[in-house]
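K.L.:
One-letter residues, chain by chain:
Number of protein chains: 2
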Amino acid sequence: MSAAPKEFLDYVDAHKDAFIKRLSDAIAIPSVSGDASYRKHVHEMGHFVQRQLEAVGVATKLVPLGPQELDGQTVELPPVVFGKLGEDKNKKTVLIYAHYDVQPALLSDGWTHDPFVLTHDKETDRLYGRGSTDDKGPLLGWINVLEAHKTLGIELPVNLRVCFEGMEESGSEGLDDLIKAEAGPGKFFDGVDCVCISDNYWLNDVTPCLTYGLRGISYFKVTISGPAKDLHSGLFGNCVHEPMTDLFHVFSKLVTPQGKILIPGLNELVDELTPEERERYERMDYSIDDINESVGASIAISDDKAEVLMGKMRYPSLSIHGIEGAFSAAGAKTVIPAKISGKFSIRLVPSMTPENVDSLVIQYLESEFAKLNTKSKLTVENLHGGKPYLADPNHWNFVAAAKATQAIYGKQPDLTREGGSIPVTLTFADALGVNVLLLPMGRGSDGAHSTNEKLDLSNYINGTKVLGTYLHEIAKITK
Amino acid sequence: MSAAPKEFLDYVDAHKDAFIKRLSDAIAIPSVSGDASYRKHVHEMGHFVQRQLEAVGVATKLVPLGPQELDGQTVELPPVVFGKLGEDKNKKTVLIYAHYDVQPALLSDGWTHDPFVLTHDKETDRLYGRGSTDDKGPLLGWINVLEAHKTLGIELPVNLRVCFEGMEESGSEGLDDLIKAEAGPGKFFDGVDCVCISDNYWLNDVTPCLTYGLRGISYFKVTISGPAKDLHSGLFGNCVHEPMTDLFHVFSKLVTPQGKILIPGLNELVDELTPEERERYERMDYSIDDINESVGASIAISDDKAEVLMGKMRYPSLSIHGIEGAFSAAGAKTVIPAKISGKFSIRLVPSMTPENVDSLVIQYLESEFAKLNTKSKLTVENLHGGKPYLADPNHWNFVAAAKATQAIYGKQPDLTREGGSIPVTLTFADALGVNVLLLPMGRGSDGAHSTNEKLDLSNYINGTKVLGTYLHEIAKITK
Chain A
23 MSAAPKEFLD YVDAHKDAFI KRLSDAIAIP SVSGDASYRK HVHEMGHFVQ RQLEAVGVAT
83 KLVPLGPQEL DGQTVELPPV VFGKLGEDKN KKTVLIYAHY DVQPALLSDG WTHDPFVLTH
143 DKETDRLYGR GSTDDKGPLL GWINVLEAHK TLGIELPVNL RVCFEGMEES GSEGLDDLIK
203 AEAGPGKFFD GVDCVCISDN YWLNDVTPCL TYGLRGISYF KVTISGPAKD LHSGLFGNCV
263 HEPMTDLFHV FSKLVTPQGK ILIPGLNELV DELTPEERER YERMDYSIDD INESVGASIA
323 ISDDKAEVLM GKMRYPSLSI HGIEGAFSAA GAKTVIPAKI SGKFSIRLVP SMTPENVDSL
383 VIQYLESEFA KLNTKSKLTV ENLHGGKPYL ADPNHWNFVA AAKATQAIYG KQPDLTREGG
443 SIPVTLTFAD ALGVNVLLLP MGRGSDGAHS TNEKLDLSNY INGTKVLGTY LHEIAKITK
Chain B
23 MSAAPKEFLD YVDAHKDAFI KRLSDAIAIP SVSGDASYRK HVHEMGHFVQ RQLEAVGVAT
83 KLVPLGPQEL DGQTVELPPV VFGKLGEDKN KKTVLIYAHY DVQPALLSDG WTHDPFVLTH
143 DKETDRLYGR GSTDDKGPLL GWINVLEAHK TLGIELPVNL RVCFEGMEES GSEGLDDLIK
203 AEAGPGKFFD GVDCVCISDN YWLNDVTPCL TYGLRGISYF KVTISGPAKD LHSGLFGNCV
263 HEPMTDLFHV FSKLVTPQGK ILIPGLNELV DELTPEERER YERMDYSIDD INESVGASIA
323 ISDDKAEVLM GKMRYPSLSI HGIEGAFSAA GAKTVIPAKI SGKFSIRLVP SMTPENVDSL
383 VIQYLESEFA KLNTKSKLTV ENLHGGKPYL ADPNHWNFVA AAKATQAIYG KQPDLTREGG
443 SIPVTLTFAD ALGVNVLLLP MGRGSDGAHS TNEKLDLSNY INGTKVLGTY LHEIAKITK
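Which chain is which? The protein sequence lines are A and B, in order. With the first letter of the first sequence counted as 1, position 196 gets the number 218 in our numbering; the numbers rise by one all the way through. With the first letter of the second sequence counted as 1, position 412 gets the number 434 in our numbering; the numbers rise by one all the way through.
In case anyone wonders, no lab produced these hints; they're calculated from the structure. We treat Cβ as the ideally placed atom computed from N, Cα and C, and that holds for glycine. It is possible that part of the hints are untrue.
[Claimed, not checked] If we take Cβ atoms under 8 Å as the criterion, some of the chain A residues that face chain B in the derived model are: (1) L84; (2) L87; (3) S274.
[What the hints assert, rightly or not] Pairs of lysine-lysine, PhoX-like flavour, derived with a Cα cap of 25 Å: (4) A:K399 to B:K282; (5) A:K282 to B:K399; (6) A:K275 to B:K361; (7) B:K501 to A:K355; (8) A:K251 to B:K243; (9) A:K393 to B:K275; (10) A:K251 to B:K282; (11) A:K397 to B:K282; (12) B:K282 to A:K355; (13) B:K327 to A:K399; (14) B:K498 to A:K355; (15) A:K282 to B:K361; (16) A:K243 to B:K361; (17) B:K209 to B:K111; (18) B:K113 to B:K498; (19) B:K83 to B:K113; (20) B:K397 to A:K327; (21) B:K282 to A:K275; (22) A:K243 to B:K355; (23) B:K172 to B:K501; (24) B:K397 to A:K282; (25) A:K327 to B:K399; (26) A:K275 to B:K275; (27) A:K282 to B:K251; (28) A:K275 to B:K393; (29) A:K393 to B:K393.
Whenever a hint applies, use it, and build me the whole structure from the sequences.
P.N.:
Set out below in structure tokens:
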């Protein structure tokens with residue numbers, strides 16, 4: 023039994039075509055945030071979003087973020103759209119986040135149709151277009167919900183706060199500072215009880231999920247230098263210490279081919295697996311075949327599905343990305359590179375933090391390097407870091423989303439964690455001190471950031487229903 | 023006591039200025055073989071060399087080598103200059119090799135003077151210019167020798183065969199086939215008793231050397247592939263096998279940071295060190311400081327001079343050159359590269375050959391890779407190979423050169439081996455089946471291939487004397 027009124031659900035079904043038209047209008051605005059020549063369209067999209075919100079009863083404000091240097095010119099950052107609906111002290115206040123900018127897309131990249139013309143494939147009932155799933159579909163899902171409530175005269179069961187940005191695909195420039203500045207008594211985010219972000223995807227194409235964790239990261243650049251300039255291996259091979267040899271020795275001590283991190287102390291920082299958690303991974307609607315299919319080869323690290331999913335979601339990983347300064351072209355150059363930088367990163371999970379990880383990593387690299395007994399020099403830099411995020415999936419915010427999903431899809435959602443990071447999640451959690459839920463609308467196969475990005479019509483429509491139902495479930499649960 | 027007549031030595035001293043003028047005329051022709059727009063000057067230089075040889079009594083022939091594709095156009099390869107002087111059955115027949123082309127050089131590369139104008143620094147008595155030491159000085163040294171003999175009416179004590187090429191700096195295109203075609207009864211190289219190549223350098227700036235060995239090479243490209251495309255380390259780290267991790271593990275098993283090759287069977291192929299040889303390295307006029315100075319850092323692999331010199335000259339080496347296909351730019355990309363190729367080469371010494379080395383290397387790589395228990399795929403390619411060269415330094419060809427050096431410089435020359443390769447050496451040795459001597463004219467600091475290439479005037483003049491005396495020593499020893 024859905025907590026949402028039947029009229030609401032019926033309205034969504036009845037207005038399918040209008041909702042498609044709304045998405046079509048949004049897709050037509052090429053709001054590519056990473057290209058200065060498209061910046062005017064990002065601003066245009068911000069105004070479009072503001073008008074849509076105002077039309078469904080939300081009081082809005084465009085927050086300017088100042089100028090930005092991009093592609094050799096100074097451009098104005100697109101505004102954050104703040105919105106407010108309801109001030110009822112007896113209701114929970116839900117902050118919703120989405121973004122209205124998109125990744126670049128050109129027909130010549132391999133799109134079947136113009137990426138900025140919404141193309142409805144009637145056979146598969148899929149909606150193709152840049153931004154369909156990332157993130158215009160989910161953003162407009164909220165507008166659809168509010169339109170239905172306004173038109174039907176149904177009172178919204180929660181207070182709503184809106185934060186829609188236009189720079190997510192380009193590092194969310196300016197947003198972190200704004201969130202921190204607007205947290206606290208009397209500020210815009212004052213009174214927010216929970217956050218809902220709809221900007222990720224189901225694990226597969228059939229089972230909805232709620233996401234309660236994200237891995238953090240620590241990125242290292244390890245530089246080893248020897249001779250003052252590159253040497254000829256004929257003249258100096260087996261005569262001097264070679265930085266490349268040293269690097270291969272040191273990096274071979276970082277991680278096993280099975281993904282086990284060899285740096286002492288790191289695995290001990292990982293929170294212990296609970297039986298409840300293990301069971302969550304066992305239950306997940308995902309198979310080894312799904313993993314192999316998504317990477318295009320049978321290379322899963324284990325035959326145990328839960329192990330592989332935990333490797334990706336709840337355990338750290340260490341990946342070597344490349345070497346800067348070595349010979350990297352085609353052909354057969356006989357160089358001894360003078361100075362090289364190997365790069366690797368570690369994905370962090372609770373209770374790892376950049377702080378407690380970095381010192382262990384640097385100490386280990388230095389001690390392994392010392393064992394080599396080489397005359398090369400080692401320096402280690404940390405290029406960037408970010409904490410992991412973990413929400414309580416038993417919080418009413420998640421329970422409401424799970425009940426909404428069950429009501430609409432007739433299925434218990436998987437409780438997943440993401441291997442990568444969505445930095446704004448952590449910013450909200452830290453700045454507001456509330457539970458942050460990731461409630462995806464699209465499927466694993468949607469191809470966000472890729473060519474022929476799509477959103478299944480059923481996900482758009484059912485996703486709209488889930489978002490609305492979720493608000494009613496919150497009101498019901500927390501009453 | 024020199025075997026050469028005193029008049030010859032006096033003539034060389036007396037004609038210093040004319041010899042400098044000859045070198046100056048040669049330097050003025052920018053015979054850069056690697057650039058199509060300079061090709062006409064290479065041909066011009068070939069004709070210059072022919073005229074010089076004819077003027078001192080050598081019967082010459084320009085051997086065309088056909089067309090070549092270079093910089094998008096078809097150009098004519100510069101001719102090989104063949105020369106013949108003497109057919110006396112009672113004399114030894116000496117084949118001399120040099121090259122008349124040069125490396126590119128532009129004033130803007132950092133030259134102090136125009137690289138194609140011979141600049142005589144009177145304070146240091148050094149002759150600056152592209153080709154001064156590599157290889158126009160040595161080539162003209164032979165012309166100087168022949169001019170002196172002709173003018174003085176001194177009969178040449180040996181028959182001479184000349185092979186001067188114009189493509190050495192660009193892979194000696196066409197020369198190998200010509201040498202093979204002209205070896206054998208009735209052909210141009212028929213009757214050659216020994217070869218003298220003057221195209222390398224002293225180990226340092228004070229002690230002459232003779233070179234009797236060159237290392238060979240085997241170059242490997244090791245490709246490891248996993249996923250069908252590059253992956254995001256957040257999404258797939260610790261979920262699939264990563265080719266980079268595998269490569270670091272395998273390559274860490276190739277060689278120690280001290281230069282010891284770890285591939286079983288390889289070191290066993292190296293000829294045993296004789297006490298006589300060891301003593302040769304102990305005696306060499308070279309120090310650890312010289313090595314550190316030449317590489318610009320204190321990174322010599324040992325404190326034992328002989329060990330370091332043997333590492334470079336008479337033992338194999340293994341150098342890792344780089345990785346193709348990994349992230350190699352600046353910055354912090356979080357990619358799991360899908361397919362990468364690590365490259366390394368082994369410098370070979372007798373009795374290693376590409377044939378007996380390659381199978382051991384490939385077998386070892388495959389067995390080490392199998393131990394990793396990864397699902398990535400491994401392929402090993404051999405990109406190119408070349409045998410090492412070793413002449414008998416007790417052969418009369420070397421003894422004559424040593425006596426000539428002792429007579430002119432008052433010093434026993436060091437007997438050295440080169441860490442790199444000069445392929446034509448091996449071609450002559452294999453095709454003609456005779457002893458090949460490398461008799462350098464210039465010093466270690468000459469900067470062949472570099473900016474401000476120079477030849478010390480004393481090396482040019484004394485080097486000319488050594489070349490002439492060497493011919494007389496041959497006649498005397500082999501009488």
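K.L.:
Please go over all the hints and tell whether each is borne out by the structure.
P.N.:
The hints, checked one at a time:
The beta carbon of A:L84 is not positioned within 8 Å of any beta carbon in chain B (closest approach about 32 Å), and the interface hint is therefore violated. Of the supplied interface hints, the one on A:L87 is violated, with its beta-carbon coming no nearer than about 24 Å to a beta-carbon of chain B, more than 8 Å. Using the Cβ-Cβ criterion of 8 Å, the hint placing A:S274 at the interface with chain B is satisfied: the shortest such distance is roughly 3 Å. Proximity of A:K399 to B:K282 is assessed by CA-CA distance (about 20 Å); at most 25 Å being required, the pair is judged to hold.
Using a Cα cut-off of 25 Å, the hinted pair A:K282 and B:K399 holds, with the two alpha carbons roughly 20 Å apart. For the hint linking A:K275 to B:K361, the alpha-carbon distance of about 21 Å falls within 25 Å, and the restraint holds. Between B:K501 and A:K355 the alpha-carbon distance is near 47 Å, which puts this suggested pair outside the 25 Å criterion. Restraint check for A:K251 and B:K243: the C-alpha separation of about 24 Å stays at or below 25 Å, so the hint holds.
Restraint check for A:K393 and B:K275: satisfied, since their Cα atoms lie roughly 15 Å apart, inside the 25 Å limit. A C-alpha spacing of about 23 Å is found between A:K251 and B:K282, which places the hinted pair at or below 25 Å, so the restraint holds. Distance hint between A:K397 and B:K282 is fulfilled; the C-alpha atoms sit about 15 Å from each other, no more than 25 Å. Proximity of B:K282 to A:K355 is assessed by CA-CA distance (about 22 Å); at most 25 Å being required, the pair is judged to hold.
With a C-alpha separation of about 22 Å, the suggested pair B:K327 and A:K399 falls inside the 25 Å cut-off, and the hint holds. Between B:K498 and A:K355 the CA atoms are separated by roughly 45 Å; this puts the pair beyond 25 Å, and the hint is violated. Of the supplied pair hints, the one linking A:K282 and B:K361 holds, its CA atoms being roughly 21 Å apart against a limit of 25 Å. A threshold of 25 Å between alpha carbons decides the hint, and for A:K243 with B:K361 the separation of about 21 Å falls inside it, so the pair holds.
For the suggested pair B:K209 and B:K111, the alpha carbons sit about 16 Å apart, so the restraint of at most 25 Å is met. At most 25 Å may separate the alpha-carbon atoms for a hinted pair to count; B:K113 and B:K498 meet this at roughly 10 Å. At most 25 Å may separate the alpha-carbon atoms for a hinted pair to count; B:K83 and B:K113 meet this at roughly 22 Å. A C-alpha spacing of about 16 Å is found between B:K397 and A:K327, which places the hinted pair at or below 25 Å, so the restraint holds.
For the hint pairing B:K282 with A:K275, the CA-to-CA distance comes to about 19 Å; that is within 25 Å, so the pair holds. Among the hinted pairs, A:K243 with B:K355 is consistent with the structure: their alpha-carbon atoms are about 11 Å apart, no more than 25 Å. At most 25 Å may separate the alpha-carbon atoms for a hinted pair to count; B:K172 and B:K501 meet this at roughly 22 Å. The suggested pairing of B:K397 with A:K282 holds, with an alpha-carbon distance near 15 Å, which does not exceed 25 Å.
Note on A:K327 and B:K399: the hinted pairing holds, with a Cα-Cα distance of about 22 Å set against a maximum of 25 Å. With a C-alpha separation of about 12 Å, the suggested pair A:K275 and B:K275 falls inside the 25 Å cut-off, and the hint holds. At most 25 Å may separate the alpha-carbon atoms for a hinted pair to count; A:K282 and B:K251 meet this at roughly 23 Å. Between A:K275 and B:K393, the direct Cα distance comes to roughly 15 Å. Compliance with the 25 Å bound is thereby established for this hinted pair.
Taking the CA atoms of A:K393 and B:K393, the gap is about 24 Å. The hint holds against a cut of 25 Å.
Consistency with the previously given hints fails for numbers 1, 2, 7, 14, ordered from lowest to highest.
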